[in-house]
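Chemist: Sequence:
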Amino acid sequence: MNMAVDNNQTQLRQLLTDQRVRFQSNPAPDYQSRVDKLTKLKQALLDYQQPIIDALISDYGHRSPNDTIISDIMPCVNNINYTIKHLKTWMKPSRRHAGLLLSPAKVSVQYQPLGVIGIIVPWNFPVMLSMGPLTTAIAAGNGAMLKMSEFTPATNTVLRKMLTTIFAPTEVELVEGEADVAAAFSALPFDHILFTGSTVVGRHVMRAAADNLTPVTLELGGKSPAIIAPDMPIDTAVERLIFGKCLNAGQICVAPDYVLCPAEKVDAFIAAYQRRFNKMYPKFDTNQDYGNIINDRQYQRLLAVLEDAKAKGATVTSAIDGPISTTQRKIATQLVTHTTDDMLIMQDEIFGPLLPIISYQSIDEAIGYINRNDRPLALYLMSFEQQTQQQVLQQTHSGGVCINDTVFHVAADDAPFGGIGPSGMGHYHGKEGFLTFSHAKTILNSGKINTGIFVHPPYGGVIQKLLMKFFLR
Numbered sequence: 183m184n185m186a187v188d189n190n191q192t193q194l195r196q197l198l199t200d201q202r203v204r205f206q207s208n209p210a211p212d213y214q215s216r217v218d219k220l221t222k223l224k225q226a227l228l229d230y231q232q233p234i235i236d237a238l239i240s241d242y243g244h245r246s247p248n249d250t251i252i253s254d255i256m257p258c259v260n261n262i263n264y265t266i267k268h269l270k271t272w273m274k275p276s277r278r279h280a281g282l283l284l285s286p287a288k289v290s291v292q293y294q295p296l297g298v299i300g301i302i303v304p305w306n307f308p309v310m311l312s313m314g315p316l317t318t319a320i321a322a323g324n325g326a327m328l329k330m331s332e333f334t335p336a337t338n339t340v341l342r343k344m345l346t347t348i349f350a351p352t353e354v355e356l357v358e359g360e361a362d363v364a365a366a367f368s369a370l371p372f373d374h375i376l377f378t379g380s381t382v383v384g385r386h387v388m389r390a391a392a393d394n395l396t397p398v399t400l401e402l403g404g405k406s407p408a409i410i411a412p413d414m415p416i417d418t419a420v421e422r423l424i425f426g427k428c429l430n431a432g433q434i435c436v437a438p439d440y441v442l443c444p445a446e447k448v449d450a451f452i453a454a455y456q457r458r459f460n461k462m463y464p465k466f467d468t469n470q471d472y473g474n475i476i477n478d479r480q481y482q483r484l485l486a487v488l489e490d491a492k493a494k495g496a497t498v499t500s501a502i503d504g505p506i507s508t509t510q511r512k513i514a515t516q517l518v519t520h521t522t523d524d525m526l527i528m529q530d531e532i533f534g535p536l537l538p539i540i541s542y543q544s545i546d547e548a549i550g551y552i553n554r555n556d557r558p559l560a561l562y563l564m565s566f567e568q569q570t571q572q573q574v575l576q577q578t579h580s581g582g583v584c585i586n587d588t589v590f591h592v593a594a595d596d597a598p599f600g601g602i603g604p605s606g607m608g609h610y611h612g613k614e615g616f617l618t619f620s621h622a623k624t625i626l627n628s629g630k631i632n633t634g635i636f637v638h639p640p641y642g643g644v645i646q647k648l649l650m651k652f653f654l655r
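So for the sequence shown, our numbering puts the first residue at 183; every next one is plus one.
In short, the hints are calculated from the structure, not lab data.
Hints are supplied without guarantee of correctness; some may be wrong.
List of simulated lysine to aspartate or glutamate pairs, DMTMM-like, C-alpha gap at most 20 Å [unchecked claim]:
hint : residue 1 : residue 2
1    : K512      : D471
2    : K512      : D546
3    : K492      : D449
4    : K492      : D524
5    : K270      : D200
6    : K343      : E332
7    : K274      : E332
Model the full assembly from the supplied sequences, consistent with the hints where possible.
Modeler: Here's what the structure looks like:
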């Protein structure tokens, strides 16, 4: 495995060339070889559980071991199990109808490996967001290069050590480095690039990929709303919503970014959130189930966003008694009301434990607010009424939806995950991920009987006239 790579386009291109040479030596790996690799990857993840947990604690200062198991390791293992179970079916060529015009020719679609996949990984879930796409890339028969975040050096070291027990350097390559390396990585002529990160950086990745006409899958983010419908009991709404905001201290691309709450229930929501938060995280300052903000840069950014809101008239209520700690990067959920659109908290994805609460008078008003803003990666609705559910589903656009829950749609292995508009493009979970990392090659086999000869020149023959009369109806 390659150690940290500086911004050297020649060196990066050589890594890609080595991968291509290896791929061309076996451009169509069989089912069993793919399953063998996936099985070894799964076992390695199980064997390296504790080193991964320890590494993420090191990278974050503190990160809940349970958060790491639930959100990084467990999804990868489940994804591998699901992929192995269904891979044989996915790999089979699919028969298609040739149609009467081309009969008796046979048409099929063969799913062919693309070659080498470039995977750009963020810092918030460095295991799930590297090993998940890698699983799909391997299932589709590809090699892969992983660009890891510079903010998770300890985790990167563990993953590199783990991967060397399974793959040759020309099969899976791990690259580290800062933004300049990421830019050079994005400019490589991969066969596909998967980027997970911010919309701003996603645009840069797409521009760089365009020079090579490299297709991209962008898993971005945005401001994912959570609607509490009038019919939903507030305590139940908070119980269903709070985990998605507290997991990894809200540093999740699909975390609820803001809440739309009936005006008359805002105070009740805040009180219920405080009760539930303190039940989940008693003795907050020393509680080990709640994680840190990743680094001081992100911590200071969140404090600045909060101060900007206060300075412009917002009211901030902490989920716990007492001020935000100045000695550790640990922030309980800050519930923010009386927000305005000129506040930073309402302009950019929060990516942390700050939660604006916007009051509304009707569901139509809540839907209108969502539709005036960019299409989000996720939308959450707390309602048991079928009519309300259908209204929100039909009148809004988002990458995915959870009804009466948050974030767990990401764990549905049999369903695609992806954004829409500024929140991303493309999918990479389940069968859709296999298709993303495959080329669907259409194959027409005319066999011994060639009916196509009837449309060859010279034109005007009797059979041609009959055919045209028959098909132009």
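Chemist: Please go over all the hints and tell whether each is borne out by the structure.
Modeler: These are the hints, each one checked on the structure:
1. K512 <-> D471: Distance ~12 Å between K512 and D471 Cα, so the pair holds.
2. K512 <-> D546: violated (37 Å)
3. K492 <-> D449: holds (18 Å)
4. K492 <-> D524: holds (12 Å)
5. K270 <-> D200: Since the Cα atoms of K270 and D200 sit roughly 28 Å apart, the hinted pair is violated (cutoff 20 Å).
6. K343 <-> E332: Since the Cα atoms of K343 and E332 sit roughly 17 Å apart, the hinted pair holds (cutoff 20 Å).
7. K274 <-> E332: violated (39 Å)
In terms of the numbered hints stated before, the structure departs from hints 2, 5 and 7, listed from lowest to highest.
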